[in-house]
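Protein sequences appear in the order of chains A and B. In terms of my numbering, the first sequence opens at residue 1 and continues consecutively. In terms of my numbering, the second sequence opens at residue 1 and continues consecutively.
It cannot be assumed that every hint is accurate.
The list treats identical chains as interchangeable, and a pair is accepted whether it falls inside one copy or across any two copies.
[Claimed, not checked] Listed below are the simulated EDC-like cross-link pairs for lysine to aspartate or glutamate, each with C-alpha atoms no more than 20 Å apart in a straight line: (1) K298 <-> E263; (2) K201 <-> E263; (3) K78 <-> D110; (4) K194 <-> D92; (5) K194 <-> E152; (6) K144 <-> D59; (7) K67 <-> E152; (8) K193 <-> D92; (9) K144 <-> E263; (10) K184 <-> D92; (11) K100 <-> D161; (12) K193 <-> D230; (13) K144 <-> E277; (14) K184 <-> D90; (15) K184 <-> D230; (16) K193 <-> E231; (17) K144 <-> D257.
Please keep in mind that the hints were generated in silico from the structure rather than gathered at the bench.
2 protein chains.
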Amino acid sequence: MSLVTLLTVFGTVALDTTRTPFRTETRILGGAATFASISASMFTQTSLVAAVGSDLPADHTKALRSKGVDTKGIVTVKGGKTFHYDSSFDYDLSNRTTNKTELGVIADFDPVIPEGYAKSEYVYLANNDPKQNIKILQHFQDPKLVVCDTIEFWINGGRDDVLKMISKTDGVVINDNEARLLCKEANLARCAKKIMSWGSKFAIIKKGEHGTVLFTSEGSIFPAAAFFLDEIVDPTGAGDSFAGGFLGHIAHRNKTDFATMKEAVIYGNVMGSFAVEDFGVKRLLGITKDDVEERYRKYRNLVQF
Amino acid sequence: MSLVTLLTVFGTVALDTTRTPFRTETRILGGAATFASISASMFTQTSLVAAVGSDLPADHTKALRSKGVDTKGIVTVKGGKTFHYDSSFDYDLSNRTTNKTELGVIADFDPVIPEGYAKSEYVYLANNDPKQNIKILQHFQDPKLVVCDTIEFWINGGRDDVLKMISKTDGVVINDNEARLLCKEANLARCAKKIMSWGSKFAIIKKGEHGTVLFTSEGSIFPAAAFFLDEIVDPTGAGDSFAGGFLGHIAHRNKTDFATMKEAVIYGNVMGSFAVEDFGVKRLLGITKDDVEERYRKYRNLVQF
Chain A
1 MSLVTLLTVF GTVALDTTRT PFRTETRILG GAATFASISA SMFTQTSLVA AVGSDLPADH
61 TKALRSKGVD TKGIVTVKGG KTFHYDSSFD YDLSNRTTNK TELGVIADFD PVIPEGYAKS
121 EYVYLANNDP KQNIKILQHF QDPKLVVCDT IEFWINGGRD DVLKMISKTD GVVINDNEAR
181 LLCKEANLAR CAKKIMSWGS KFAIIKKGEH GTVLFTSEGS IFPAAAFFLD EIVDPTGAGD
241 SFAGGFLGHI AHRNKTDFAT MKEAVIYGNV MGSFAVEDFG VKRLLGITKD DVEERYRKYR
301 NLVQF
Chain B
1 MSLVTLLTVF GTVALDTTRT PFRTETRILG GAATFASISA SMFTQTSLVA AVGSDLPADH
61 TKALRSKGVD TKGIVTVKGG KTFHYDSSFD YDLSNRTTNK TELGVIADFD PVIPEGYAKS
121 EYVYLANNDP KQNIKILQHF QDPKLVVCDT IEFWINGGRD DVLKMISKTD GVVINDNEAR
181 LLCKEANLAR CAKKIMSWGS KFAIIKKGEH GTVLFTSEGS IFPAAAFFLD EIVDPTGAGD
241 SFAGGFLGHI AHRNKTDFAT MKEAVIYGNV MGSFAVEDFG VKRLLGITKD DVEERYRKYR
301 NLVQF
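Next comes chain A alone, as it looks inside the complex (with noise of 0.2 Å):
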């Protein structure tokens, strides 16, 4: 009996070494498919693929599984290291300095999905090899929705790939300075054709603390400030939780109008405010459905006139 997949997350599920000038906390659950799967699975049926080595603690993968995180595409490479990033914020947790990354397995990795996962009518590709993107997506039947993001690494590493990679998708998010290193270009606007340009449908830049702005091939535009907190603990994975919002949002709807995209961009805000909160995915396995409804309120609230 095969299961129908709605969300399929693939990228890189790690151990995250955080410091700051506050707190240092050490291989707790972290990388950008691990934010994605479980900010996503608030919203829709997620299945995560990911390879990982054996090093990775059985509660990482439970806590997976506790917020209803499909897990049965994670690979376990036996005698293998599971990705590692270690980084350090400043003062003001807006610049993060990188101590050490240790791809590990996720480096040769080639990527495989469980039978039922070919049926995901959503795909997500997190911050993950744009090779190993452009082969995952030939496992997929027919996908109505495929989104990536990409990061310096790749971009730096091999353009040509990344740009192939945008061609394959419907749309990208991506932060601002990588957009403007990708699109060699410093208005954002104009990063956001350029993206377009090259195949994807849509486009939405993500500046941090100053919030999003979605682009789409049709013209329209959708800026919006983000959620307003006092007091961020860690900033890792907002980017990802925001992914992981906006598409869970789309894939629970099913549908993918301007309308549906413009409260997949608001969902996506409120669980990148959540995912800040606390140190690593901490935060996100402690809410509901009912917290991030609440917040959504809230947010609508905070910036209606």
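Could you slot chain B onto chain A? The hints should help.
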């Protein structure tokens, strides 16, 4: 017969030389009070207090009057020079370099106001010497709302005077970087709290292309994305036009409740978005209240979800 003035703006009327990689405009009408008063005059009866030199072309004051600005408060210092600001923008129009600042007659201005202005219910202190700002406030009988802006020049030159000025106002409108400089604090929410601890009842942080955030001493917050423009011609005066639109709408409604302040922030954003569409005040001179209302509706439509 004394004229009841609703809003008085005090600050610089200047000659601006503005250089972008695309064009240079020499000694055009500029200055914080110019942008603010033209912008405010779209909403309410606005009077302008400023010192200029005899080199200011008559066409410039005529332009102000053509928009309904009461220019009786402009003092022409015979033989003196009008404030001249020469600056260059880089390719993406986001960084400005000052080439020359010639204070001219504003350096030793002892502000006086025409008799009728004393009854002004609303006063906006544009980017001027905080000492002069404190002095001019004594001439007003009992204003309902006094708002000021300030810039790096005065913060570096006399932070204590800036703090004293803030203690005598009801609200502060300030750029993000200048808020950080003034408050010695990176987090903008904490900056706003600090500003309000000095006696102001609200603070609006302007974040350029990222919009604005309004904070009130009652703990209310209103983040607003900027109106989205494909093309910016000259960013000069955006913040001053924001302040003029903000104060203008409040004076027009003659209310200072939170709902009115939120509307005023959006009108401020709208006026800032017009200002940057052409060099100097050119665009502001060409628009009508209908254009303003149309863009306000467009903005509402843009950000709603």
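Here is what the structure says about each hint:
1. K298 <-> E263: For K298 and E263, the Cα distance is within 20 Å both inside one copy (14 Å) and across copies (18 Å).
2. K201 <-> E263: within (17 Å within a copy, 33 Å between copies)
3. K78 <-> D110: within (15 Å within a copy, 80 Å between copies)
4. K194 <-> D92: Between copies, since 16 Å is at most 20 Å while 33 Å is not.
5. K194 <-> E152: within (17 Å within a copy, 36 Å between copies)
6. K144 <-> D59: neither (33 Å within a copy, 61 Å between copies)
7. K67 <-> E152: neither (30 Å within a copy, 49 Å between copies)
8. K193 <-> D92: between (32 Å within a copy, 16 Å between copies)
9. K144 <-> E263: within (18 Å within a copy, 40 Å between copies)
10. K184 <-> D92: Classified as between; 12 Å across copies, 28 Å inside a copy.
11. K100 <-> D161: neither (24 Å within a copy, 47 Å between copies)
12. K193 <-> D230: between (34 Å within a copy, 11 Å between copies)
13. K144 <-> E277: neither (33 Å within a copy, 40 Å between copies)
14. K184 <-> D90: Between copies only: 16 Å across, 27 Å inside.
15. K184 <-> D230: Intra 34 Å, inter 17 Å, cutoff 20 Å: inter-copy only.
16. K193 <-> E231: Classified as between; 13 Å across copies, 34 Å inside a copy.
17. K144 <-> D257: within (12 Å within a copy, 47 Å between copies)
Of the hints listed earlier, those the structure fails to meet are numbers 6, 7, 11 and 13, in rising order.
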